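Just so you know, the sequences run in chain order P, R, U and S. Quick note on numbering: the first sequence equals residues 1 to 439 in the working numbering. Quick note on numbering: the second sequence equals residues 1 to 439 in the working numbering. Quick note on numbering: the third sequence equals residues 1 to 439 in the working numbering. Quick note on numbering: the fourth sequence equals residues 1 to 439 in the working numbering.
Treat the hints with care, since some could be wrong.
Since the list can't tell identical chains apart, any single copy or any two copies may satisfy a pair.
As the list claims (entries may be wrong) - SDA-like, lysine to any residue: derived pairs with alpha carbons at most 20 Å apart:
1. K402 - F61
2. K350 - H314
3. K199 - A111
4. K402 - N416
5. K71 - I149
6. K71 - T427
7. K294 - P244
8. K338 - G349
9. K4 - F61
10. K402 - Q218
11. K294 - N245
12. K402 - M214
13. K294 - R129
14. K350 - R126
15. K199 - E439
16. K402 - N421
17. K195 - R69
Calculated from the structure, these hints are not laboratory results. All figures in this text were calculated on a predicted structure; none of them were measured in a lab.
Protein chains: 4
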Amino acid sequence: MYCKDDFHVERLGECRFDSPLLPLLDYRQHSVNYVEESDRILAENTASSVAHLRETTSELFGLEPAGARRKIFFNPPHTRAGIVTCGGLCPGLNNVIRSLTNELTCRYGIAQVLGFSNGYQGLVERCNRPTVELTPHCVADIHEHGGTILGSSRGDQRPEEIVDYLEKLEIDILFVIGGDGTIRGSMAIADEIAKRDRKIGVIGIPKTIDNDIMFADQSFGFQTALSQGTEAIRAAHVEACGAPNGVGLVKLMGRHSGFIACYASLAVNDANFVLIPEVPFSLEGAHGLLACLKRRLDDAGHAVIVVAEGAGQHLMQSSGKTDASGNSRLGDVGVWLKQQIESHFTSQGKELNLKYIDPSYVIRSVPANPYDSVFCSRLAHNAVHAAMSGRTRMVVSRWHTKFVNVPMSLAIRQRNCVDPNGDLWMTVLESTGQPPRFE
Amino acid sequence: MYCKDDFHVERLGECRFDSPLLPLLDYRQHSVNYVEESDRILAENTASSVAHLRETTSELFGLEPAGARRKIFFNPPHTRAGIVTCGGLCPGLNNVIRSLTNELTCRYGIAQVLGFSNGYQGLVERCNRPTVELTPHCVADIHEHGGTILGSSRGDQRPEEIVDYLEKLEIDILFVIGGDGTIRGSMAIADEIAKRDRKIGVIGIPKTIDNDIMFADQSFGFQTALSQGTEAIRAAHVEACGAPNGVGLVKLMGRHSGFIACYASLAVNDANFVLIPEVPFSLEGAHGLLACLKRRLDDAGHAVIVVAEGAGQHLMQSSGKTDASGNSRLGDVGVWLKQQIESHFTSQGKELNLKYIDPSYVIRSVPANPYDSVFCSRLAHNAVHAAMSGRTRMVVSRWHTKFVNVPMSLAIRQRNCVDPNGDLWMTVLESTGQPPRFE
Amino acid sequence: MYCKDDFHVERLGECRFDSPLLPLLDYRQHSVNYVEESDRILAENTASSVAHLRETTSELFGLEPAGARRKIFFNPPHTRAGIVTCGGLCPGLNNVIRSLTNELTCRYGIAQVLGFSNGYQGLVERCNRPTVELTPHCVADIHEHGGTILGSSRGDQRPEEIVDYLEKLEIDILFVIGGDGTIRGSMAIADEIAKRDRKIGVIGIPKTIDNDIMFADQSFGFQTALSQGTEAIRAAHVEACGAPNGVGLVKLMGRHSGFIACYASLAVNDANFVLIPEVPFSLEGAHGLLACLKRRLDDAGHAVIVVAEGAGQHLMQSSGKTDASGNSRLGDVGVWLKQQIESHFTSQGKELNLKYIDPSYVIRSVPANPYDSVFCSRLAHNAVHAAMSGRTRMVVSRWHTKFVNVPMSLAIRQRNCVDPNGDLWMTVLESTGQPPRFE
Amino acid sequence: MYCKDDFHVERLGECRFDSPLLPLLDYRQHSVNYVEESDRILAENTASSVAHLRETTSELFGLEPAGARRKIFFNPPHTRAGIVTCGGLCPGLNNVIRSLTNELTCRYGIAQVLGFSNGYQGLVERCNRPTVELTPHCVADIHEHGGTILGSSRGDQRPEEIVDYLEKLEIDILFVIGGDGTIRGSMAIADEIAKRDRKIGVIGIPKTIDNDIMFADQSFGFQTALSQGTEAIRAAHVEACGAPNGVGLVKLMGRHSGFIACYASLAVNDANFVLIPEVPFSLEGAHGLLACLKRRLDDAGHAVIVVAEGAGQHLMQSSGKTDASGNSRLGDVGVWLKQQIESHFTSQGKELNLKYIDPSYVIRSVPANPYDSVFCSRLAHNAVHAAMSGRTRMVVSRWHTKFVNVPMSLAIRQRNCVDPNGDLWMTVLESTGQPPRFE
């Protein structure tokens, strides 16, 4: 499935400068063996047996640990960095911007940090979006606000134009905060840079509120988002109990992966049905969702349904369209499900009080919670360490509790999904009591 | 406008029993003059001058102070009370249920408290809704949950059937928690009781998340609701800033009164346009909303609009329908405004990223905040005091910081609205910078 | 008790300038009679009867309504204002600073707003504290933080030195945000100004987290503080339940008035004993606190005690000292009570697990909640209106739900206290079940 | 350091019964290879190189994966379980109790679940503590409250008495939720059970708010606690800024490990000095804490210090005492540090306004946040799976993102500490700017 080269992190060149962090690094007693170039984090942490492991280590791959290096590639006083945020909002964007800025400025002492406005549009000169100089002073409090001070946008721009502008502004390192579409775009930028044989690093900080990135224990903002999601489920439950045959229907994020729906549902235990993209379901039939819902209402008088936005797409007619980020436009499963349920009960002559809640904008626009706040700082620090050491075309991540450098091509090769045969989904089934399949 | 009789609170009969609260009442040093029958709270607290006041006191009316009386009408060991919650959810319903139950049981020692399910449906025997006995034990923690443990429903039932059931269950006091439609219904119940010459008290605790009740400084749940509303406005602001030409549009509660929209907008200062039912507006024209919005986007790149659900009804085609509570069905001004703005900008060929947020269910289903929690307790205690003293066909309220007993007919005579010429709306205009009129 | 002159608000002179708010004021349909000079808010809102009222209006006094006037005293382009915050922290200080700045700058267009650092120290040149120019930009987000961006300090400074500095900096209006000690200090400043026959207005915004100011429905920050206080009581309850014979003891603010203790206790209903300065108590005796506590532990196994910091001072030996603000140094009733209870149970050989919580700094340093946020804005706007119209030696307040101008001498004449014979304390007794007196 | 046997999980005997979860297990497509007995989670996830790994796998050890087995040891209809909570409070205790109860009752259908009161005292008959039958109904809402419905206590009891009582009550499985002292106690219970050759399983769910347990990515309640801790730091910062030479001093939990202090400090970035048990410090000297603090105050006018309760013990005189849990009684570093700093500045004649905040009880008594809530459920489910399969003398944990079964002896062999040479502490140094050592 993987080969060794998949894990290789690209470099711009030899590291010839002493890191300004040496006083901190040297203070460590064991610093002698701190992040040696040959260190690896295992890509897999299970084995059918230790004996088996011993036989198969040829198949075990290692990820490069992230962290500060003693020698760096860029000479700080002559280094300029740029930061851009792309795609939809996610809690923690401002934390990442702030920690990148502080680490680059206060710790590495580089010459300048520029913020580009409105995503990739800001990297194209003719789009005429303002750039702002980012200083520790101007980012001091931004982490207390949701969203991104740089603004965002969807959609790619031509790599040639982007690299023209980077060259014109003499940017040495570009930090790109965005989802898989964005990272694909930044690989094209890195290709164009390579074609021109320039020494500009491109480092990604993967942003996905859906937690669907590979080689990542968890994506930043995910915990904040799931906390917010629980509020919506709680409201749905209260509303469902407040009226005869009350049904609370909540749509949560999750285009391809149902992590937020699963975690938020487990956190409050008020959901009776959880629908995720990874597990197809039927509306009709003796064990279809509608029949199960009717039984639940007959028994308990109320019900809560949590649906991830990417669930049930097989049941709706696709529009065939894509958005500016290249994501296929999903049908709105929440509105569709509301209509299906209402028309079903109407046709059966049964009273129904369905309240539909779509909290997406409120969820994704809150500030990061304390845990995500720390996580964003550590990701950003490691992104800076990687960038200053001349690494490129990679993202920072945390894998099995260690921070790692992951080649972009590896990070986006496939999506992290809820395993329908795994622990998490089994716990959801146990907690909701819903059948393994609606059919 | 008012006459003296408007303020008269009806009584079931003479108070012949000593209050079980006498030990508490007697402890007070000044208890001798505590809530004498002749005490009054002034209905008006302004005067163009004291001299003027002296001349005009013939026009000044007084509300009866609420509170415990030394003599009561009902003999506690032989008294049974019922509680019912009607209409839409509102923070604090469970607090009221809990404090009514505790005061009736622990302080007055009445025989039984029954909770009726699902609003007025629960008061009609053939609807077959369960009744639950409410005890201090079973209500101990309910105030930590939003909604109502009794459930609710919209719509009236025939008063004859209701009084039949009250008689059958030997209910002496009925506590009705609901809005103006509900209170109108309870007046019909009181009429039927009077026609049968029964001694059953009917006491209302006015519930209106919109804060639109007369002779009430503030309705319970209002402060909790406005706090929640600020979260939606904050999200709208973050989303608006996150995309080019971003517009955050938030619909908040307020069928006839824009209090929540005004207060929530003032609390976060992120709103640029506040639209309320009390102040009509135009979309078109050089100073219409659309033109003002375009100017704002040209200047600042983003904008936040807060609209109360009852605003702009004059611009939409009415459906002419009413809901089960008899409220006229409003057009959905949020969705309508979203479409109007989007089609306007599309027709002008301007980019627009509008994010629409409708947080109503999440707002109204949260538990009461600490302030509302105290307020609900005090309202409930005063409702019990009034009921035990034989008062009927009245609601409890707080007026100019004092708790008062208000005849139902007076409480629902008209609505409390935001005064377009008053302090509050002026502060909104000052804070948003929006023009006094869009036209 | 009061005479008419007590309610007279002092003015610097004749109002000769048109208000820049005229466009807003004129928009109002009834603006013709808006805040006429003779308008009054009744100082009292109860009467033993309307008949009685008519006879006694000679004793009824009216407070001047706050609000914008059409004619103002200061010519905005030549007006400079200063703001200072004094004494202990309170939620909402930054909201007040922010709204003063915005109203003075954006609405009245005055020349400059200066912030003085560290309380009255900042008003004395030789203390060498920095002054900062306050602009809408620099105050834009400060309301999201607790505390005060200007810093604070305790203690007065010599009025002569302060007025020297005000004259040197050409300040026309001084806004003073502080408690009764601070307001006393600002009266001395106003005296010195009058002695020099200068036209400098001194306007107070009363700050007291204890809610103990006269002619104020509620002080700003109070609701935020009581919400925070409930968290401490909740924690005390959880801790008390978590150990055998567990006692949770919480000290809350309230030097002279037990409002926070009463409201916070009512909000969560976990307190079994509430001790406030207004109601003396005994430790010893068959009905003393210790005996009651023992009975409670024997019955229920755990107990929660809420004590206001000013309670029980009669039982402790006074240090006789005062702090820099001139407040007498209270004995620490929380620590003292902890020791008394522990030694009592030790001497009786009974197990006791007492957890003592003193949350004061955490309570008073949080940002204002949405309700207080709106309240602070409205207070600040009215303070600016009063100042620009040439009023002085007064504070703004809200009385019976209307904003009013109150002479400083009247505002600090006595303290607002919990009435041991009133509604609030009776509700506390009803909710806790504690005896009316421990003795 | 470890040998293979350290990872061996003890079993009571052969699994002869089909799991009631078979319908869920069988639904899984890959269930055939689900948690085979030989599966292992690697105990270590780093290697200096993959080549090196291959040579050294003899030194790599594997932990047994947790999870449901197809065959179980206990016959559900004849199985009775007990639950006990010991030691100090921690967010999530009620979540664990609730999920244990639900899983045992609803999924495995065992005969009875008993809750023992007040820790190990409840397991000794002569202590006469009540036992409660735990049902899904009675635990339905307990996760919304902090603390533990079972109460707790410190200290061990004689294993003989405990096993006597377990035998008398016919308990088959004992779930023990507690810290390392508690787990040591439960090993003694397991020893006594083995000595009597009884088939009673003893399963631990490790509780440590300090996050100091081995082979655990994170302990339950830790994230909730760190969130609460940030509030105290925020308050300290606001207070420090509010007075001349203001110092905010916060004591946070962490007897042996400074994780909460580190994470909470990183989350808000307001701390200037973080002191943890793992890194000794000096007060005196040119680079001692006092000198650094003075420099900070001279430069910035205010400072925030966060100290873990176990820090600086080398500087205080030990009392030599231990508490009932056998933990050595630490000196109160917060109070001590407050006094040291104050007397230092007094002796230097410098003004100082130090505000000391000790929020421990408030932190540890809150309900679990949504993330911890999910984590507690999953831990509890896995504890039940392990117990039903006959495992004993082990704890459940999560290691490198997988749930695992860890022998008790291994789990308590040493503590998890902040590595002074690791990533986390380096990020703290980078963020605070404090020197690597105070000396």
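A quick look at each hint next to the structure:
1. For the homomeric pair K402 and F61, the shortest alpha-carbon distances inside one copy (15 Å) and between copies (18 Å) are both at most 20 Å.
2. Taking the shortest Cα distances, K350 and H314 never come within 20 Å of each other, neither inside one copy (27 Å) nor across copies (35 Å).
3. When the C-alpha separation of K199 and A111 is checked against a cutoff of 20 Å, the pair qualifies only within one copy, where the shortest distance is 17 Å, while the shortest distance between copies is 52 Å.
4. In this assembly of identical chains, K402 and N416 lie within 20 Å of each other by CA distance both inside one copy and across copies; the values are 18 Å within and 16 Å between.
5. Proximity of K71 and I149 under a CA criterion of 20 Å is satisfied in neither setting, with 32 Å inside one chain copy and 42 Å between copies.
6. Taking the closest pair of Cα atoms, K71 and T427 come within 20 Å of each other only across two copies (19 Å); inside a single copy the shortest separation is 47 Å, beyond that limit.
7. For the identical chains of this complex, K294 and P244 are intra-copy neighbours only, at 13 Å inside a copy versus 45 Å across copies, given an alpha-carbon limit of 20 Å.
8. Taking the closest pair of Cα atoms, K338 and G349 come within 20 Å of each other only inside a single copy of the chain (16 Å); across copies the shortest separation is 33 Å, beyond that limit.
9. When the C-alpha separation of K4 and F61 is checked against a cutoff of 20 Å, the pair qualifies only within one copy, where the shortest distance is 6 Å, while the shortest distance between copies is 24 Å.
10. With identical chains, the CA atoms of K402 and Q218 are at most 20 Å apart both within one copy (12 Å) and between copies (13 Å).
11. Proximity of K294 and N245 under a CA criterion of 20 Å is satisfied intra-copy only: 9 Å inside one chain copy versus 45 Å between copies.
12. In this assembly of identical chains, the alpha carbons of K402 and M214 lie at most 20 Å apart whether taken from the same copy (14 Å) or from different copies (16 Å).
13. With identical chains, the CA atoms of K294 and R129 are at most 20 Å apart between copies only, with a shortest distance of 19 Å across copies and 54 Å within one.
14. In the homo-oligomer, the alpha carbons of K350 and R126 lie at most 20 Å apart only across protomers (17 Å), although the nearest pairing inside one protomer, at 59 Å, exceeds that limit.
15. Taking identical chains as interchangeable, the C-alpha atoms of K199 and E439 are never at most 20 Å apart, the minima being 56 Å within one chain and 43 Å between chains.
16. Taking the closest pair of Cα atoms, K402 and N421 come within 20 Å of each other only across two copies (15 Å); inside a single copy the shortest separation is 26 Å, beyond that limit.
17. With identical chains, the CA atoms of K195 and R69 are never at most 20 Å apart, being 27 Å at best within one copy and 55 Å at best between copies.
When the structure is compared with the earlier hints, violations turn up for hints 2, 5, 15, 17 and for no others.
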